[in-house]
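K.L.:
These are the residues of each chain, in order.
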Amino acid sequence: MAPYFFYFLAFLSILSALMVVFSKNPVYSVLYLVITFFSIAGQYILLNAQFLAAVHVIVYAGAIMVLFLFVVMLLNLNKELEPHKSSLLKLSGVIAAGLLLVTIVGSYRGAAVQVVGSAMDTPTYDNQIGLVKNLGKVLFGDFLLPFEISSVLFLSAMVGAVMLGKKDKV
Amino acid sequence: MLTQTLKTIPIEHYIYLSSILFAIGVLGVLIRRNAIIIFMSIELMLNAVTLLLAAFSTYRSDAAGQVFVFFIMVVAAAEVAVGLAIIVMIFRNIKSIDINLLNKLKW
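Protein chains in written order, with the numbering used here: chain L, 104 to 273; chain Z, -4 to 102.
Bound conformation, chain Z alone (with noise of 0.2 Å):
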């Protein structure tokens, strides 16, 4: 069944629903005022490249790209980590996870 599905999806619909799914996760980096909602839009837009790098490695039988989504896979936890540690340093300091206060290194 599952080499079935493999045959008749094409591959452009994958490259559609990541090229969806990465446009969505940009729109949430620049609507949204909340730290925490711009890290999830980031942590979207990840996914959708790793759908596609899966979609690839299986539509051409190479194991490589699978190995690349789970390097990113590892680089995203470490990356989550790292930046919710910073998000709740900025809310220790100013109260607040908008974004439009933290514009002190904007010039």
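Bound conformation, chain L alone (with noise of 0.2 Å):
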């Protein structure tokens, strides 16, 4: 049953992802990421990251759709007057993507990888990497400097945040 669900989350997280890019109305475009985002975030239980899968649903379900949303009513966007670009642009955009595509699973197929799968089978495989307990060991063992680092990051995009949206100039 278990696979059945992988390819039910793939089709909905790509159908959604279309609608992103494909419908007029920026807040529907909002509503369909947010459905692509729980997609993904339940590809990662599948993948038994816990962690991660709450740690997405917080942060980008959570977190980042309200902002989008927030900054969609602010601005009055949610009406259909985008004013389009040709269809020719539309055509080279769809062919110019659609080549990427071609290009990274050509490159993929042609390197052929097939080491990755096998790694599975040895003995000193753990499946219980993904639960917070043993992620957290190895984010603040390990990983403890860039973790601190970052909080850096998240304080001057705060202040990067506040001096860009502020009304009159200092």
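Do not take every clue at face value.
As the list claims (entries may be wrong) - Straight-line distance between alpha carbons at most 27 Å, and here's what the computed DSS-like set of lysine-lysine pairs gives: (1) LYS269(L) to LYS90(Z); (2) LYS2(Z) to LYS193(L); (3) LYS269(L) to LYS99(Z); (4) LYS99(Z) to LYS193(L); (5) LYS193(L) to LYS240(L); (6) LYS90(Z) to LYS270(L); (7) LYS270(L) to LYS2(Z); (8) LYS90(Z) to LYS127(L); (9) LYS236(L) to LYS90(Z).
Unchecked claim - Covered stretches of chain L (in silico footprint by chain Z; criterion: 3 or more residues with CB under 8 Å from a CB of chain Z, positions within the stretch not fixed): (10) 124 to 137; (11) 233 to 242.
The hints are simulated quantities; they were obtained by calculation from the structure and are not laboratory data.
Quick caveat: nothing in here was measured; it's all calculated off a predicted structure.
Backbone N, C-alpha and C fix where the C-beta goes; we use that ideal spot for every residue, glycine too.
Take each chain as given, in its own frame, and dock them per the hints.
P.N.:
Next up, the structure:
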């Protein structure tokens, strides 16, 4: 049953990602992007990466999408008045993206990677690495310095957002 | 059930799914003119890459990949905060977020 769940989630994420790009109203785009993020969180659960699934739902579906929706509402963009590019430009965009997809898949096929699947049968394989306990040990052990530096990044991002959003110049 | 899933789905399918999602993100950047939709397409591309990182991390049983996904999420959150502030600023100045009006840096 579980493989079908993977294909269902993959289909759902691809379909809603296409709707993000092609829907005219920005509010619908944001809502379809929420569906995409939830299906990707489902993929994380299937991968037994429970910490990532929780963080993904909290950060993306909780914080980032609320921010997007807030800006769309604030700028009063919830109408379909976006002037559209000419159909020639659209067609060339579709062709360019399709060629990129063909290039990525073709380079993977050409490389013929087959070593990655075999690690699952080795006795050292551990499928519990995605749990909060094990990931926390790695995060606060080997990656403690990047973790602390990211707090400085957040502080500078907050200061930058406030500075940019201020109405009058200092 | 979860480990059974990992054994039945080959890693290739994760690569194909991530490639398709990334290509859809590129498509959104290329064909839309609304700055917010372009921003959302960039988020879509970031998500495609992080999904592949998590998949490889689980298949190789290496926790570093999932930590990297966590850091990418951190950077994406900071990026969204600053980027949306810039978009609000642009809207305040030119009363539009159509990127075709923002061609002063083009030449």
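K.L.:
Within 27 Å, alpha carbon to alpha carbon, are LYS2(Z) and LYS193(L)?
P.N.:
This hinted pair is violated, its Cα atoms lying about 40 Å apart.
K.L.:
Take a quick look at whether LYS269(L) and LYS99(Z) sit within 27 Å of each other, Cα to Cα.
P.N.:
Satisfied, since the Cα-Cα distance of roughly 23 Å is no more than 27 Å.
K.L.:
Has the given pair, LYS236(L) with LYS90(Z), been kept, meaning a C-alpha gap of at most 27 Å?
P.N.:
Status violated; Cα separation ~49 Å.
K.L.:
Take the C-alpha atoms of LYS90(Z) and LYS270(L), compute the straight-line distance between them, and say whether it is at most 27 Å.
P.N.:
holds (15 Å)
K.L.:
Counting residues of the region 124 to 137 of chain L that have a beta-carbon nearer than 8 Å to any beta-carbon of chain Z, does the count reach 3?
P.N.:
holds (count 5)
K.L.:
Is the straight-line distance between the alpha-carbon of LYS270(L) and that of LYS2(Z) 27 Å or less?
P.N.:
violated (55 Å)
K.L.:
Does LYS99(Z) pair with LYS193(L) here, judged by a C-alpha cut-off of 27 Å?
P.N.:
It holds: about 23 Å lies between the C-alpha atoms, which stays within 27 Å.
K.L.:
Per the coverage rule (Cβ-Cβ under 8 Å, at least three residues), is the region 233 to 242 of chain L covered by chain Z?
P.N.:
Holds: 5 residues of the region 233 to 242 of chain L have a Cβ under 8 Å from chain Z.
K.L.:
Would you mind confirming whether the straight-line C-alpha gap from LYS269(L) to LYS90(Z) stays at or under 27 Å?
P.N.:
holds (17 Å)
K.L.:
So if I understand the rule, the pair passes when the alpha-carbon distance is 27 Å or less; does LYS193(L) with LYS240(L) pass?
P.N.:
violated (48 Å)
K.L.:
Would the pair LYS90(Z) and LYS127(L) pass a check requiring their Cα atoms to be no farther apart than 27 Å?
P.N.:
With Cα atoms ~19 Å apart, LYS90(Z) and LYS127(L) stay inside 27 Å; holds.
Of the numbered hints stated above, those contradicted by the structure are hints 2, 5, 7 and 9, listed in ascending order.
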